Structure formats: C-alpha cells, structure tokens
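Quick note, the sequences are listed as chains A and B, same order.
Position 293 (the first sequence) corresponds to 293 in full-length UniProt numbering; numbering is contiguous.
Position 213 (the second sequence) corresponds to 213 in full-length UniProt numbering; numbering is contiguous.
These aren't lab readings, by the way, just hints derived from the structure by calculation.
Every value quoted in this text rests on a predicted model; they were computed, and no experiment measured them.
Careful: at least some of the hints might be erroneous.
[Said to hold, decoys possible] In silico lysine-lysine, PhoX-like type, Cα no more than 20 Å apart, as pairs: (1) 157/A - 235/B; (2) 232/B - 134/B; (3) 314/B - 258/A; (4) 290/B - 134/B; (5) 157/A - 176/A; (6) 258/A - 232/A.
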Amino acid sequence: MSPAPRLHVVTGKGGTGKTTLAAALALSFAQAGAKTLLLEVEGRAGLAPLFGRGDLPYQEVEIAENLWGMSVDPREALLEYIEMYYKAGAAGRALAKFGVIDFATTIAPGLRDVLLTGKAYEAVRRRPGKKSGSTFEGPWVYDAVVMDAPPTGRIGKFLDINAQLASLAKVGPIRKQAESISELMHSEMTTVHIVTLPEEMPIQESLEAITELRCLGIQVGHVFVNQMHEEKEFGTFSDLIDSAIATALRTEVDRYRKRVTRQQEQLKLLKNFDVIEIAHMGEEISFEILEFIATGLREA
Amino acid sequence: MISELLNDPETRVILCCGSGGVGKTTTAAAIALKAAEQGRKTVVLTIDPARRLAQALGLNELSFEPRAVKDVSNLYAMQLDMKRTFDEIVLTHADAKRARTILENPFYISLSSSFAGTQEYMAMEKLGQLLASKEWDLIVVDTPPSRSALDFLDAPARLGSFLDGRLIKFLTTPAKAGGWALTRILNAGIQLFASTVSKILGGEFLADISAFVAALDSVFGGFRKRADETYKLLKAPGSAFIVVAIPERDPIREAEFFIERLLSEGMPLAGVIVNRVSPTLAPLTIAASKELSKGASPELMAALELHMENLRVKSNEDRLIKAIKSPALLRIEDAGAEISDLAGLRSINLSGNSL
Numbered sequence: 001m002s003p004a005p006r007l008h009v010v011t012g013k014g015g016t017g018k019t020t021l022a023a024a025l026a027l028s029f030a031q032a033g034a035k036t037l038l039l040e041v042e043g044r045a046g047l048a049p050l051f052g053r054g055d056l057p058y059q060e061v062e063i064a065e066n067l068w069g070m071s072v073d074p075r076e077a078l079l080e081y082i083e084m085y086y087k088a089g090a091a092g093r094a095l096a097k098f099g100v101i102d103f104a105t106t107i108a109p110g111l112r113d114v115l116l117t118g119k120a121y122e123a124v125r126r127r128p129g130k131k132s133g134s135t136f137e138g139p140w141v142y143d144a145v146v147m148d149a150p151p152t153g154r155i156g157k158f159l160d161i162n163a164q165l166a167s168l169a170k171v172g173p174i175r176k177q178a179e180s181i182s183e184l185m186h187s188e189m190t191t192v193h194i195v196t197l198p199e200e201m202p203i204q205e206s207l208e209a210i211t212e213l214r215c216l217g218i219q220v221g222h223v224f225v226n227q228m229h230e231e232k233e234f235g236t237f238s239d240l241i242d243s244a245i246a247t248a249l250r251t252e253v254d255r256y257r258k259r260v261t262r263q264q265e266q267l268k269l270l271k272n273f274d275v276i277e278i279a280h281m282g283e284e285i286s287f288e289i290l291e292f293i294a295t296g297l298r299e300a
Numbered sequence: 001m002i003s004e005l006l007n008d009p010e011t012r013v014i015l016c017c018g019s020g021g022v023g024k025t026t027t028a029a030a031i032a033l034k035a036a037e038q039g040r041k042t043v044v045l046t047i048d049p050a051r052r053l054a055q056a057l058g059l060n061e062l063s064f065e066p067r068a069v070k071d072v073s074n075l076y077a078m079q080l081d082m083k084r085t086f087d088e089i090v091l092t093h094a095d096a097k098r099a100r101t102i103l104e105n106p107f108y109i110s111l112s113s114s115f116a117g118t119q120e121y122m123a124m125e126k127l128g129q130l131l132a133s134k135e136w137d138l139i140v141v142d143t144p145p146s147r148s149a150l151d152f153l154d155a156p157a158r159l160g161s162f163l164d165g166r167l168i169k170f171l172t173t174p175a176k177a178g179g180w181a182l183t184r185i186l187n188a189g190i191q192l193f194a195s196t197v198s199k200i201l202g203g204e205f206l207a208d209i210s211a212f213v214a215a216l217d218s219v220f221g222g223f224r225k226r227a228d229e230t231y232k233l234l235k236a237p238g239s240a241f242i243v244v245a246i247p248e249r250d251p252i253r254e255a256e257f258f259i260e261r262l263l264s265e266g267m268p269l270a271g272v273i274v275n276r277v278s279p280t281l282a283p284l285t286i287a288a289s290k291e292l293s294k295g296a297s298p299e300l301m302a303a304l305e306l307h308m309e310n311l312r313v314k315s316n317e318d319r320l321i322k323a324i325k326s327p328a329l330l331r332i333e334d335a336g337a338e339i340s341d342l343a344g345l346r347s348i349n350l351s352g353n354s355l
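Construct all of the structure, not just a fragment, from the sequences and the given hints.
This is how it looks when you write it as structure tokens:
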C-alpha cells in the first residue's frame, strides 16, 4: 500500500475560496488528532483573520489545537537559507544591500518558488530533534502539511520547480534543493486539491489544471466544489396573497431552481473526479464556520 | 458615471481594475461596446478573456493586433501577449544579431514569460503604443488578472527599478574595466557577495544574467524611465479608472485599497462598478415574511424561507457596498448566467443610477 499523502497543496481560481478550504482542510486534520502545519506562501495575510489574528509571522505559531501556521516570505527564506548553508551573516547583509534578495525573490520566479516550496519540503520531512534530510526513522514532527498555494493558473509552474529552474541555475545548492523538492512533489507524499465553484469558468480552469498536473506526473486529490446551493423542493403555492408579492416570490423560486440546474450541469463535468461538495454559507467565514466546514470534510 | 465618461470627448483611456474573478474583462468589453455604438472608434485591450467572450469579440490565439469586431462598427479588440510584446520591443530596438542573443538567453525567456510583473509592464507598454498611434478615440484596458489590483500600479515600477538597480549596474560593469572592484571601500563586501552568489546559484547563472542585462540595457535604455513615463500617462487628463468588484468581503477590501491608492497618487477615479449584485427581491421584509408564513401552505412556506435567506444575503451585500468611498457607484445585477456574446454585453445596464 502506498503511504497516505502528507503534503496537501490547495489551489483554485481566484475567488473560489481556496484559502478558506486550505484552512478548513488543515483544521479537519488537526481535529482528527494529526499535528498539522498550515503554510501561506503569497503573503496576503488571508489566513490570519480566519483564526482571529492580525497576521501570521514567518515562524510556526500555534493557531488552534494541534494546528500550527506560518506565512512563508521568500526574502526571509533566502536569508535563512544563506545563514544555514554559509553561516554568512555579512554576506547576507551584502546580498540585501546589492538587491540580490530582491532579485531572487521578484525577478527569478523559479528561485522564488524554490524558496517557498522549500519550507514545505523541510516541514514535511522534519523529524524530532534532527535536521531535515536525516535518515533517522522515527515519527514525523508534522503528520500533515497543508499549503495555501498559488492559483490554478500558476500551479503547474509553481510545483514543477525543477523544470522552471533548469535553465537558470544549472549547478549549485539551489539546484540540488530544487531536485529534492521536485522529487517530493512528484511522489505519493504530495497531493494537490483543487477548489472550484459550480460555474462555467472556474470548472473549465480546474479541468485544465488537472490535465496539466497529471501531465507533470503530480498527484491530484480532491476537487472541492465550494458554494453549492442545495436542491430544495418547491411546489407551486396557491395561497391567497397579494399578487405582486406572489409573482416576485415565484421569480425568486424560479431563479433558485435555474441556479441549481446550472450548478448540476457544471458538476457533471467533474464526474470522473473525487468531488467533495461544500454548501454555500451565505455569510462571512468565521472560525465557527471554518470548524463547521472542517467537520464536514472529516466526514466526507 | 459611464455615460458621463463616454459623453466627454476628452476621455481617451478607461482602465478597469480590481482583484481576479470580479468580471473585469466583461465590464471592459461592455464599456467598449457602448462607446463604439455611440460612434467612438474604440479598442478594448484584454489580457486573458474567457473563451466564449473571446469568441464573441472575434479574438483567437493570434489576435495581438487590434481587430475589428464582427457586426459592430468602430469596435476593435485585441489580446495582450506579454512575451510577444517583450520580443517586439527587443526586435525593434536591436540589430538582428543582438536581438537573437537576447531572445535566446535563458534569463530573458524566464523573465518575459513568467515574471509576475512582466504582464503589467507589457500592458502599460501596449497602452503607450496604442496611445502614441493616435488612431483611437478611446482605449479600454482590462488589467491583468493579478490577485491584487495594486499590482497593476506597482509591478511596472518594480520591474523597472530592478532592471535599473544597483545590482544590475554592478553586474553590467565589465569585469575587465575593473568594474568588480568598482568602489574600493565596498570591495570586501563585493567579493563576498560575488562568491556567495556563485556558490548558491552557480557561476553560469551570473554569466547568463550579466550577458542578458548588458544586451538588454543597450536596447531599452532606462527601464525605469520608461515605466515612469507610462505611469504618468495614467495621471494625464483623459484617463479614468473604473474599479470593479463583487459584493464579497475580499474583493471589496481590494477595491478599497485600490481607491485609497488612486486618491493618494492623484489618479483619476471615475467610480466603482459592483458586479453580481443580488437582483431585486419581493417587497417583503423579514418580519412581514414571518407574519405571512403563519398558516401558509408548505409550498408558500418554502418560498418565504428562500426569500428571507435572499434578504439576508442582500443586506450583507448592501452593508459591504455602503462602506465603499467613491465619487460614483454602479450596481450591476447578477445576470444568472455567464455573459458570452454581444447581446449579453449589451444587456448590461451601464447607464444605471449612481449611489
């Protein structure tokens, strides 16, 4: 039997609720007793408010029971990397002075992505009391690592680190690190979940992303279809009420029915995938709602 | 708001900005269509249109120049291809041999096709070209689908300042001429820096970027200067920003950030368009609905339940929309289906009342 995935990458088109689902998935693992790390890589502080915080720092902090969170900043990651490999505080400062940090983190996207995914790589493989990469066979520090990843349009490139970097850094430790990360991304340890809405454009984009990921040999996990409107029974009412109100109410019912029909048509396009439907919440996502979704995910 | 803009002959550029997934492209296309039908020669510059909307505008993978939209006089549409726009700049400014060196450089390939700011830079570049051609009464720009609307304003300058930055100056100073020991005081730091870069990224990396930047620099002159000039165009009279959002927390927050930024930079904000607003509901408050549901049939009860839910959604939307500080605001009702043809674009009511 292949080992269960431990790195869960969550992607989706903008506006589909990718960050919410990443948080809910991480929370569902934590609720089930798995020590979980939730990573944010785009520095948009979208996760923090869900856990009642202003922002997430560049270090692992406990944000709920069994759940740790951090925001991975490429600049910090590069400085940390330099410190770790070269014990070169002065060089790090020189690099910052000459704009190399900006260079690496903004202009060479492959490099930036190595730094962002590097943190997930390190966390997934971390053993208690040992540095990453050790051969010590013990329990893992984290049972699961969940990453709120870039949107579907960029996810293939983001995860296919090695190909991206191939033409830029041909040798050296960054290159080696990219190869190790690439191996992890293509292994059974990693799975990519797609968040979508039951609407035409997000579904199309999800299908394209799935094709792309499969071509790259990266495992696709669940497809979370967010904001599903439940099918409801509406009969025709014939109560004696104001006719203008009756007409307007019927229009509302009709609109809802059409919406559900459209949504079911879109859902058919996903019939070959492992779909998990998430109900439309109709209100802002609070921690309570997040817990509610997480509980639903555990049962699904 | 849109009518005023389009009735003003001074309006030359309309930029539709907002976070991803709020219907920017559709809004831009609808504005352009209306302008064209009022007799203005209009081009809409789209970045990544949905397939069916692209078809409706007669766009295909090759439409990188303005093309007349079928059945609509005065309306032209084009797509931005950032790599192609970048390549064009290189090909126009460099001789064949030099151009080839640049186009084949791995660093150039990466920069021109995947750097997050390239798209924004090239959109500005294209806008500059379209304006310079003086062919258009109106240019409507659909900004790139970045997560943050602010990227459109910031990315070009970021790319420009990077390419003109100290690192690049340092890397492009020929080693032979003693450039690597440019400043004696900094010498030790530079040595350390160069050796660290080589160690981490490999020596070839430095050679590649160095060759790339040297070649590019001679072609482009000042990137920063170029970015600054286009930026100024956006402030010039005749430009107008339309901020697009949908009535959800994050897109509205993005819109608010963007509005603040436009105001602080003295950029012309024409107004906000909120797409996908709940349609008009039955004139029945929650209290009245509860009252009506006493003794109602199960069918009517179900309809009233739905109505009350719709009311809650709508009041949440209203609360979000009311918080937006904008000189003008236009609500566009949810069409219920994706807009994918000219008739759909025409049905968008842009002349709706403000606020």
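Do the hints match the structure? See the list:
1. At roughly 35 Å between alpha-carbon atoms, residue 157/A and residue 235/B are farther apart than 20 Å, so this suggested pair is violated.
2. Taking the CA atoms of residue 232/B and residue 134/B, the gap is about 17 Å. The hint holds against a cut of 20 Å.
3. As the CA atoms of residue 314/B and residue 258/A are separated by approximately 19 Å, the hinted pair is consistent with the 20 Å bound.
4. Annotation: proposed proximity of residue 290/B to residue 134/B is violated, straight-line Cα distance about 61 Å (limit 20 Å).
5. For the suggested pair residue 157/A and residue 176/A, the alpha carbons sit about 18 Å apart, so the restraint of at most 20 Å is met.
6. Proximity of residue 258/A to residue 232/A is assessed by CA-CA distance (about 12 Å); at most 20 Å being required, the pair is judged to hold.
Violated hints, in rising order: 1, 4; the structure is consistent with all others.
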